[in-house]
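Hey, can you work out the whole structure from these sequences and the hints?
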Amino acid sequence: MKLTEPVPGGPCWVELSTSDVPGAAAFYAALFGWRAETDPRPEAGGYTMARLGEDAVAALSPVYRPDQRSAWTVSFATEDADAASDTVRSAGGTLLMGPMDVFDQGRFAVAADPAGAVFSLWQPRAFAGAGLLDAPGALGWAELLTPDPEGALAFYPAVFDWTVDATERYTHWGVDGAEFGGMKALDGEGEPQTPRWVPYFTVVDVEIAAATALGAGGRPLVPPRHIPGGPSVAVLSDPQGAAFGVHAP
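Mapping to the working numbering: the sequence shown position 168 is 159, numbers consecutive.
Mixed in with the good hints there might be a few duds.
Claimed, not checked - Simulated restraints on C-beta separations:
| no. | residue 1 | residue 2 | range |
| --- | --- | --- | --- |
| 1 | T29 | V155 | 35 to 43 Å |
| 2 | A35 | P(-1) | 38 to 46 Å |
| 3 | A17 | Y55 | 18 to 26 Å |
| 4 | R216 | D71 | 16 to 24 Å |
| 5 | R80 | K(-7) | 40 to 48 Å |
| 6 | V155 | E28 | 36 to 44 Å |
| 7 | D30 | P219 | 21 to 29 Å |
| 8 | E(-4) | Q59 | 29 to 37 Å |
| 9 | P13 | G220 | 20 to 28 Å |
| 10 | G107 | D73 | 21 to 29 Å |
| 11 | P13 | V155 | 22 to 30 Å |
| 12 | Q96 | P214 | 15 to 23 Å |
As the list claims (entries may be wrong) - With a straight-line cut-off of 16 Å between C-alpha atoms, the simulated EDC-like cross-links for lysine to aspartate or glutamate are:
| no. | residue 1 | residue 2 |
| --- | --- | --- |
| 13 | K(-7) | D156 |
| 14 | K(-7) | E141 |
| 15 | K175 | D156 |
| 16 | K175 | E141 |
| 17 | K(-7) | E159 |
| 18 | K175 | D139 |
| 19 | K175 | D152 |
| 20 | K(-7) | D167 |
Hints in this document: simulated from the structure, not taken from any laboratory.
C-beta atoms are modelled at their ideal positions from N, C-alpha and C, and glycine is treated no differently.
What follows is the structure in structure tokens.
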């Protein structure tokens, strides 16, 4: 990720909705060294901040429904959550929740692109987003898996004004040319075929991270591999079933 701080249009935060907040906190502490702090206010609903040192890097929260699967959601910064929500709908997406205020921290909405991949919009107020990006243990890349790359190429630049660097093998997303993520077409083979955003967290060594995740109760979805001319990557699942990636630039 060439973005090192939240900027409008770029990824600014990641949240894990999980069936077991304490269990997930223990897993990610072992893997990334995160320190969990749960908001004690009843109205916060068990929202738990994950920190590296004093920097907030992610959040964990209980699932809303017993049948909801554990999953990560990537949030993108916007200067106006209401206007961005309107643009999502006009571009063919769906608004799933909000926009609504989160105390004095900001205003957010949850949306889905035309293929069904879910993401969030975040309009910062007191809370800008992650204090670290592209550092070990922090968000380093955001990848869209979709059955409709052409539709995504029309949708996301219309909503966020992203720059696009597309090749036959892979599409890179950027803000004013600064890359933060990419897109890969679902091909019907291997990994689950659900359209989704997958956060990748930066690590020093992908092999060690994958082994640590396995020892802490996770499982590999895509084994560690090196992308020619690019990073080493792996896709993992935490003990509650939420998928995420790790990469070593």
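Against the structure, the hints:
1. Separation of T29 from V155 is about 39 Å and conforms to the stated range, judged on CB atoms against 35 to 43 Å.
2. For A35 and P(-1), the hinted distance range of 38 to 46 Å is not satisfied, since their beta carbons lie about 26 Å from each other.
3. Against the hinted window of 18 to 26 Å, the Cβ-Cβ separation of A17 and Y55 comes to about 22 Å, which satisfies the hint.
4. For R216 and D71, the hinted distance range of 16 to 24 Å is not satisfied, since their beta carbons lie about 40 Å from each other.
5. Checking the proposed 40 to 48 Å range against R80 and K(-7) shows it is violated: the Cβ atoms sit about 30 Å from each other.
6. Taken as a hint, the range 36 to 44 Å holds for the pair V155 and E28, whose Cβ atoms sit roughly 37 Å apart.
7. The beta-carbon spacing between D30 and P219, approximately 44 Å, falls outside the hinted interval of 21 to 29 Å.
8. The hinted window of 29 to 37 Å between E(-4) and Q59 holds, with their beta carbons roughly 31 Å apart.
9. Look at P13 against G220: about 41 Å separates their beta carbons, and that is not inside 20 to 28 Å.
10. Distance hint for G107 and D73: a CB-CB separation of about 23 Å, consistent with the stated range 21 to 29 Å.
11. Separated by about 41 Å at the C-beta atoms, P13 and V155 break the suggested range of 22 to 30 Å.
12. One distance hint, 15 to 23 Å for the beta-carbon pair Q96 and P214, is violated here, with the actual separation near 38 Å.
13. At roughly 14 Å between alpha-carbon atoms, K(-7) and D156 fall within 16 Å of each other, so this suggested pair holds.
14. With a C-alpha separation of about 24 Å, the suggested pairing of K(-7) with E141 is violated against the 16 Å cut-off.
15. For the proposed pair K175 and D156, the alpha carbon gap of about 13 Å is at most 16 Å, so the pair holds.
16. Between K175 and E141 the alpha-carbon distance is near 11 Å, which keeps this suggested pair within the 16 Å criterion.
17. Pair hint K(-7) plus E159 does not hold up; C-alpha atoms about 22 Å apart against a cutoff of 16 Å.
18. With a C-alpha separation of about 10 Å, the suggested pair K175 and D139 falls inside the 16 Å cut-off, and the hint holds.
19. Pair hint K175 plus D152 does not hold up; C-alpha atoms about 19 Å apart against a cutoff of 16 Å.
20. Our distance criterion of 16 Å between C-alpha atoms is met by K(-7) and D167, whose separation comes to about 11 Å.
The structure fails hints 2, 4, 5, 7, 9, 11, 12, 14, 17 and 19 (numbered hints given earlier, in ascending order).
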